[in-house]
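Protein sequence lines correspond, in order, to chains U and L.
Our numbering numbers the first residue of the first sequence as 69 and each following residue consecutively.
Our numbering numbers the first residue of the second sequence as 69 and each following residue consecutively.
Since the hints were made in silico from the structure, they are not lab data.
Be careful, since some hints might not be right.
Given that identical chains are not distinguished, each listed pair holds provided it fits within a single copy or across any two copies.
Here are the simulated DSSO-like pairs of lysine-lysine, each with C-alpha atoms no more than 27 Å apart in a straight line [stated by the list, open to error]:
#1 178 with 131
#2 95 with 219
#3 219 with 208
#4 208 with 95
#5 192 with 123
#6 95 with 123
#7 125 with 95
#8 200 with 123
#9 95 with 211
#10 192 with 208
#11 211 with 192
#12 125 with 192
Protein chains: 2
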Amino acid sequence: MKPVRMSLLCAAAIALALPAFAQSPAKAQEMAIKYRQAAFTLMGAHFGALAAMAKGKVPFDAKVATDNANLAVQLSRLPFSHFIPGSDKGHTAALPKIWTEKDKFEAKAKTMQDAMVKVDEAAKAGNLEAFKSAVGETGKACKSCHDDYRKES
Amino acid sequence: MKPVRMSLLCAAAIALALPAFAQSPAKAQEMAIKYRQAAFTLMGAHFGALAAMAKGKVPFDAKVATDNANLAVQLSRLPFSHFIPGSDKGHTAALPKIWTEKDKFEAKAKTMQDAMVKVDEAAKAGNLEAFKSAVGETGKACKSCHDDYRKES
Numbered sequence: 069m070k071p072v073r074m075s076l077l078c079a080a081a082i083a084l085a086l087p088a089f090a091q092s093p094a095k096a097q098e099m100a101i102k103y104r105q106a107a108f109t110l111m112g113a114h115f116g117a118l119a120a121m122a123k124g125k126v127p128f129d130a131k132v133a134t135d136n137a138n139l140a141v142q143l144s145r146l147p148f149s150h151f152i153p154g155s156d157k158g159h160t161a162a163l164p165k166i167w168t169e170k171d172k173f174e175a176k177a178k179t180m181q182d183a184m185v186k187v188d189e190a191a192k193a194g195n196l197e198a199f200k201s202a203v204g205e206t207g208k209a210c211k212s213c214h215d216d217y218r219k220e221s
Numbered sequence: 069m070k071p072v073r074m075s076l077l078c079a080a081a082i083a084l085a086l087p088a089f090a091q092s093p094a095k096a097q098e099m100a101i102k103y104r105q106a107a108f109t110l111m112g113a114h115f116g117a118l119a120a121m122a123k124g125k126v127p128f129d130a131k132v133a134t135d136n137a138n139l140a141v142q143l144s145r146l147p148f149s150h151f152i153p154g155s156d157k158g159h160t161a162a163l164p165k166i167w168t169e170k171d172k173f174e175a176k177a178k179t180m181q182d183a184m185v186k187v188d189e190a191a192k193a194g195n196l197e198a199f200k201s202a203v204g205e206t207g208k209a210c211k212s213c214h215d216d217y218r219k220e221s
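Extracted from the complex, chain U is given alone in its bound form (with noise of 0.2 Å):
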């Protein structure tokens, strides 16, 4: 990852960081965890439809396909700022080394992400081949965050 995007992720993440006024720092990782476990349901629900029209579960049908695609996009940039430090404890499924390779993680976050774009992209096209191709691509992404760095379930 050239340096440069490693920036511009950060500063749209920034932009978007909740304050931390007024909090303790058990509250504010607490808080750090609720959210992105947040953002990742719902990108998992939107990826899941997206994931189904894929797969032909359902039709494809490029507004929805767009819809979902487009939600998933913004959604897919906001969980990665909200590894905060000290919220490796408590009610989460994050491993420890998050924080310790912290470049290798967001690394894998921006391999997502740009395969997220490559799927809004397809779908607002209405290439199916190409929508089918990111779609797989996006889950290789997640698969292999998860792999590296979530606890098994």
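Go by the hints and put chain L onto chain U.
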């Protein structure tokens, strides 16, 4: 509320509805509860950032406010199609009368959604007074719905 607005609200919700394929009713209900709670969590977090600016706890920044408000508007449209039949049971604070007063409940949802749009418009315009007013109106709409339809925690 005029019927035509209600239809538009429902249409928007349907376009983003998740496929219910290959799911038992119990699983679909559990997923619906998780989904709507995640949407409320994110919406609450971003609205919280807006409320902090409206209250002067953090400085007003039109760009940050617009980013948060734009996202909050989109998030405000997500939860309500997930109050599906049977999802009044389980890990939820939703009161059963949501399902027996569906029109009233959805009217309150619409009031909140409309107020959130005003927050977004005021943020975009950089109009702090209009922003404060719209944030107040949105907060009241949230509380009004919670008072009637959410179990006290």
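Outcome of the hint check:
For the homomeric pair residue 178 and residue 131, the shortest alpha-carbon distances inside one copy (26 Å) and between copies (23 Å) are both at most 27 Å. In this assembly of identical chains, residue 95 and residue 219 lie within 27 Å of each other by CA distance both inside one copy and across copies; the values are 23 Å within and 23 Å between. Taking the shortest Cα distances, residue 219 and residue 208 sit within 27 Å of each other inside one copy (17 Å), while across copies they are farther apart (40 Å). For the homomeric pair residue 208 and residue 95, the shortest alpha-carbon distance between copies (25 Å) is at most 27 Å, but the shortest distance inside one copy (33 Å) is not.
With identical chains, the CA atoms of residue 192 and residue 123 are at most 27 Å apart within one copy only, with a shortest distance of 18 Å there and 40 Å across copies. Proximity of residue 95 and residue 123 under a CA criterion of 27 Å is satisfied inter-copy only: 21 Å between copies versus 41 Å inside one chain copy. When the C-alpha separation of residue 125 and residue 95 is checked against a cutoff of 27 Å, the pair qualifies only between copies, where the shortest distance is 18 Å, while the shortest distance within a copy is 42 Å. When the C-alpha separation of residue 200 and residue 123 is checked against a cutoff of 27 Å, the pair qualifies only within one copy, where the shortest distance is 8 Å, while the shortest distance between copies is 46 Å.
Taking the closest pair of Cα atoms, residue 95 and residue 211 come within 27 Å of each other only across two copies (23 Å); inside a single copy the shortest separation is 30 Å, beyond that limit. Taking the shortest Cα distances, residue 192 and residue 208 sit within 27 Å of each other inside one copy (22 Å), while across copies they are farther apart (37 Å). Taking identical chains as interchangeable, the C-alpha atoms of residue 211 and residue 192 lie at most 27 Å apart only when both belong to the same chain, with a minimum of 25 Å there against 38 Å between chains. Proximity of residue 125 to residue 192 under the C-alpha cut-off of 27 Å is restricted to the intra-copy arrangement: shortest distance 20 Å within a copy versus 40 Å between copies.
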